[in-house]
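Q: Sequence:
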Amino acid sequence: MITFRQPAAVLLAFASVVIVAVLGGYFPGLSAPFYLDDRVSIVENQAFAKSDILLLWQLYGSRFVGYFSLYLNYLVSPDNTLFYRFTNLIIHLLNGLLLALLYRQLCKFLQIRAHQWVAAVLIALWLVHPLHSAAVTYIVQRLASLVTLFGLLTLYSYLRFRTEQHRLWLLLASLAFGASVLTKQNALVLPLMLFIVEWLYGAKRRQLNYLVFGGSACIFLVVLLMPELISWLDARTRETTLYSRWDYFSVQGYILLLYWAKLFYIYPLQLDMTMPIQAISAELKYTALMVHAVLILLAAVSYKRLPLFTLGVFWFYLLHLVESGVIPIVDLAFEHRAYFPDSALVLALVGLIPLGQRFVHRNIWLIGAAAALLFSTIQLYQRNELWQHPEQFHLQNISTNPTAAKAMATLGSIYAGEGKLTLANDYMTQSFEYQFEQGTISVGTIVNIMKVRFEMKDYQSGVNLAHLGLKSINEPRLRSDLLAAMAVGYINMGYCDFAKGLIQTALNLNPSNPQALLIKDVCK
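Anchor point for the sequence shown: position 313 equals 312 in numbering that gives the first Met the number 0, and the numbering is continuous, going up by one each time.
Any given hint might turn out to be false.
[Stated by the list, open to error] Below 25 Å or equal to it, Euclidean Cα-Cα: the simulated BS3-like pairs (lysine-lysine) are:
1) Lys303 with Lys107
2) Lys499 with Lys456
3) Lys470 with Lys499
4) Lys519 with Lys499
5) Lys450 with Lys419
[As the list claims (entries may be wrong)] What follows is a list of derived Cβ distance ranges for each label pair:
6) Gln503 with Trp259: 46 to 56 Å
7) Thr399 with Phe497: 39 to 49 Å
8) Leu516 with Glu390: 27 to 37 Å
9) Glu197 with Ala281: 54 to 64 Å
10) Ala48 with Ser243: 37 to 47 Å
11) Val42 with Ile18: 26 to 36 Å
12) Thr236 with Gln57: 26 to 36 Å
13) Pro275 with Leu74: 39 to 49 Å
14) Thr421 with Val42: 21 to 31 Å
15) Gly201 with Thr240: 37 to 47 Å
I should point out that these hints are in silico values taken from the structure, not numbers from a laboratory.
In this text, a Cβ means the ideal position worked out from N, Cα and C, and glycines have one as well.
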């Protein structure tokens, strides 16, 4: 039977050990270089360089708070990756504390027994699990850990308000929710999470039933009478038109199972999880959806006997709803997307203790927990050690996922910086080919390939690649970047008159294009 009644001092000692394990596990990666869009989002960020807060708001709006926190780090030391990651690590540790406080508050609200040691161990595993390093060591994914901090604070503060009826807690919950929405869009599900709490376990369930039925009827009428509004909403709630909403949703069921697999089988961790949507068969998709449907059904029928399990499961799926649900995004999967939802998974697992406590002996539990914590900490250390070596990091990513287009492009950039132009061209070209097949062409990749080929004096093939990119890229600023890059190729081939026309068109599309401004007088 898993029951531990230890003084607070023992729990504090355990917490201290966990903090040391987290700091030790992340230590090798703190001073690692920037990865993927880190440098573009931070060091090369024009709003940061100009200290223009209004521009920062215009550029990032719904992610303003997250980027403002990065800007504060930038003011202290623009290029110091250690400082950015140490801030991420502090946020990560605070999330562990908030998750522990939220668990205790949920136990009070639901009036269930608290299994403090089980919760402490599972939260510790969440803190040291290598899967979640993608939201800590990958600097710009601070947004994933920061929205978790504000989200957990929102939930905790609201539940404190419900149990103590002190309005200051409601004010704090409102402020935290506002900050979370301005950090990352998946915070929009927080009201739904609180609604589930009130609907299942609040005192005014009958009134909420009326709200559910009334709201459903209103939505049905809007869909029936205002189809143009639905089209408007559809256009503004998707990042890409490459996939239908159903195709994206059905694939995400399988991807959630991949995230779960990474919790137990750590080795295929990868920063770039690029995969073609066609690679996932209908059988896999529908089997995965059935697994999730069964789990949700089990949570629903257990809402009285296992309330924490029910809330944890429902919260888990709600937290995946935006990025891994109904909002089509170009990148089908990213490990950092599991960060916040997995905190709800911790609550669900603790909620299962009433079922398992009769069957698991205390000593077996202790040995298993200690082994899991030690193993995860070692793997976390090794994972962060790999971050110190970008070439090995991306090669490992590509060996795990041969379609990792971002990893290939980044590896090509590394080789270009080292003067290994043939290798750089090979990896970048392979990256472009995968992007082209999947319909996710990146202008940055094309421009980088062009630079490499121009350096190899292969101007014509570089220009041809840009022509191919222009056929599928319509956004004015991106077209401007491609046209300016093409102009460089034509200048080197001696076609100045043609280059002038490209430069002028690039400036018409984006008057502040730095490349076009730099070369506009070259032919004179």
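Q: The structure should be examined with respect to each hint, and the outcome stated for every one.
A: Results for each hint:
1. Lys303 with Lys107: Holds, because 15 Å separates the two Cα atoms, which is no more than 25 Å.
2. Lys499 with Lys456: holds, 21 Å
3. Lys470 with Lys499: holds, 21 Å
4. Lys519 with Lys499: Holds, at roughly 7 Å.
5. Lys450 with Lys419: holds, 13 Å
6. Gln503 with Trp259: 46 to 56 Å: Holds, since Gln503 and Trp259 (Cβ atoms, about 54 Å apart) stay within the stated range.
7. Thr399 with Phe497: 39 to 49 Å: holds, 44 Å
8. Leu516 with Glu390: 27 to 37 Å: holds, 34 Å
9. Glu197 with Ala281: 54 to 64 Å: violated, 38 Å
10. Ala48 with Ser243: 37 to 47 Å: Distance hint for Ala48, Ser243 holds at roughly 40 Å.
11. Val42 with Ile18: 26 to 36 Å: holds, 30 Å
12. Thr236 with Gln57: 26 to 36 Å: violated, 21 Å
13. Pro275 with Leu74: 39 to 49 Å: Since the Cβ atoms of Pro275 and Leu74 sit about 41 Å apart, the hinted range of 39 to 49 Å holds.
14. Thr421 with Val42: 21 to 31 Å: Check passed, 28 Å falls within 21 to 31 Å.
15. Gly201 with Thr240: 37 to 47 Å: 40 Å Cβ-Cβ, so the 37 to 47 Å window holds.
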